[in-house]
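A.B. asks: Under the working numbering, read the sequence shown as residues 1 to 409, first letter to last.
Please keep in mind that the hints were generated in silico from the structure rather than gathered at the bench.
Backbone N, C-alpha and C fix where the C-beta goes; we use that ideal spot for every residue, glycine too.
Among the clues, some could well be false.
Across the chosen pairs, the derived CB separations fall in these ranges [claimed, not checked]: (1) A381 / Q336: 17 to 23 Å; (2) R226 / A380: 33 to 39 Å; (3) R226 / R361: 27 to 33 Å.
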Amino acid sequence: MALGLSLPALDLPTLQFVTFLLSIATGILFMLDALRRDESESPRWWSLAFLLATFPPILYLLAARGPRLAVLYPLGNAVATLAFAMVWSGARRFHARSVQWVAVFGGPAVLLWGTWLFARPLDAWSGGVLFFALLALYSLLAAKEFWQASGSRLPSSIVLTVVAVLHGSFYTARAVALVWLGPDDPRFMVGFGPEVATTEMLVLIVVASFLMVSLGKERSEIALHRAATRDGLTQTFNRPEFIRLAREQLRRHGVVRAPVALLLLDLDHFKRINDTYGHPFGDTVLLLFARTASQQLRSDDIFGRYGGEEFALFLPGVGAPEAQSIAERVREAFAQAGRIVQGEPVGATVSIGIACEERSRGELSSLVQRADRALYQAKAAGRNRCVRYTPETAMPAAEPAPLRIASGG
Numbered sequence: 001m002a003l004g005l006s007l008p009a010l011d012l013p014t015l016q017f018v019t020f021l022l023s024i025a026t027g028i029l030f031m032l033d034a035l036r037r038d039e040s041e042s043p044r045w046w047s048l049a050f051l052l053a054t055f056p057p058i059l060y061l062l063a064a065r066g067p068r069l070a071v072l073y074p075l076g077n078a079v080a081t082l083a084f085a086m087v088w089s090g091a092r093r094f095h096a097r098s099v100q101w102v103a104v105f106g107g108p109a110v111l112l113w114g115t116w117l118f119a120r121p122l123d124a125w126s127g128g129v130l131f132f133a134l135l136a137l138y139s140l141l142a143a144k145e146f147w148q149a150s151g152s153r154l155p156s157s158i159v160l161t162v163v164a165v166l167h168g169s170f171y172t173a174r175a176v177a178l179v180w181l182g183p184d185d186p187r188f189m190v191g192f193g194p195e196v197a198t199t200e201m202l203v204l205i206v207v208a209s210f211l212m213v214s215l216g217k218e219r220s221e222i223a224l225h226r227a228a229t230r231d232g233l234t235q236t237f238n239r240p241e242f243i244r245l246a247r248e249q250l251r252r253h254g255v256v257r258a259p260v261a262l263l264l265l266d267l268d269h270f271k272r273i274n275d276t277y278g279h280p281f282g283d284t285v286l287l288l289f290a291r292t293a294s295q296q297l298r299s300d301d302i303f304g305r306y307g308g309e310e311f312a313l314f315l316p317g318v319g320a321p322e323a324q325s326i327a328e329r330v331r332e333a334f335a336q337a338g339r340i341v342q343g344e345p346v347g348a349t350v351s352i353g354i355a356c357e358e359r360s361r362g363e364l365s366s367l368v369q370r371a372d373r374a375l376y377q378a379k380a381a382g383r384n385r386c387v388r389y390t391p392e393t394a395m396p397a398a399e400p401a402p403l404r405i406a407s408g409g
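Model the full assembly from the supplied sequences, consistent with the hints where possible.
C.D. replies: Put into structure tokens, the structure is as follows:
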């Protein structure tokens, strides 16, 4: 005789109790994370959201004990709605966007007020359509914020977007089914009943909490990488990262013997600017140059601060005529932008040395040395000009140009 085994079905109170335990544990974990991370408000909002999510199961369990406690149903719905509004707010704060306080508290307030006034006698389904619609709305708003985070190369934000959209779609469908079928229809109970919704909420808490933690870690890793590879003032590549990226491109273009160009750009009379207006003002001029130059470049150009007031620009796949054109474009744009800085007639300009190879040999030190010599010639010729290295522009052997690349390169 075959022995038939069947798994016991979880009843609604059991599911709600598990949801309570999971919500409070997740909320505490996010609270600890919020105390550890001072740079982001998102864990604080998500901690509040999960801690608030502990109350609806308790309120629903109490409301089910008798008609006199049915008033707790809409209160539980309002608290659940507020929890999802705080998830949305945390997603906004992840991007340093402002919290929409009216929208956060307006939805739960309208739900509570409308249910108590217009949905009597109160029961488990009072105000259900509005409740489901608000949960769907806040979920889709959160999905929009998470999707915008995906532009920062955060893989978890893409998955969070999908999860939030699926949750919003479930509650949209639940609202439609409640109107179309009613809560007593067996088809509604099978697809959208309390047991199904609570199970979906359990899965959501587990998946979303894991992804939210991953999201914070991914952003921290990107921030650390950026701090290690970018200049703190101008946010262009710092010198080590510029050299690394330029060498990498040189190797690639050296294989196919493609043209490359390297520019050294040095702000003219920068010491005079610092002495006249002060170092903070000098930093403003450096920032202005970095922004102005960046606007003239292609997406695959490598632009970095080489040291002090000197910048370097590597142009992959660019021959001499185009390199000269790009250099002149940068010089002219900065000469115009630097005429008046913060109301002061600064007249800031830049001199540019250009070194080109029609067929890359993969040697960065040689390019830097030639660009440096051309830059010396641009300075000697009166500044605010671009000079391309040729054998004719090379300095005499008695006056070697200082090699500005790091040792070994």
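A.B. asks: All hints are to be evaluated individually against the structure, with a verdict given for each.
C.D. replies: Checked hints:
Between A381 and Q336 the beta carbon distance is about 21 Å. The supplied range of 17 to 23 Å therefore holds. Take R226 and A380: their Cβ atoms lie about 37 Å apart, and the range 33 to 39 Å holds. Our hint of 27 to 33 Å for R226 and R361 holds, since their Cβ atoms are close to 32 Å apart.
The structure shown violates none of the earlier numbered hints.
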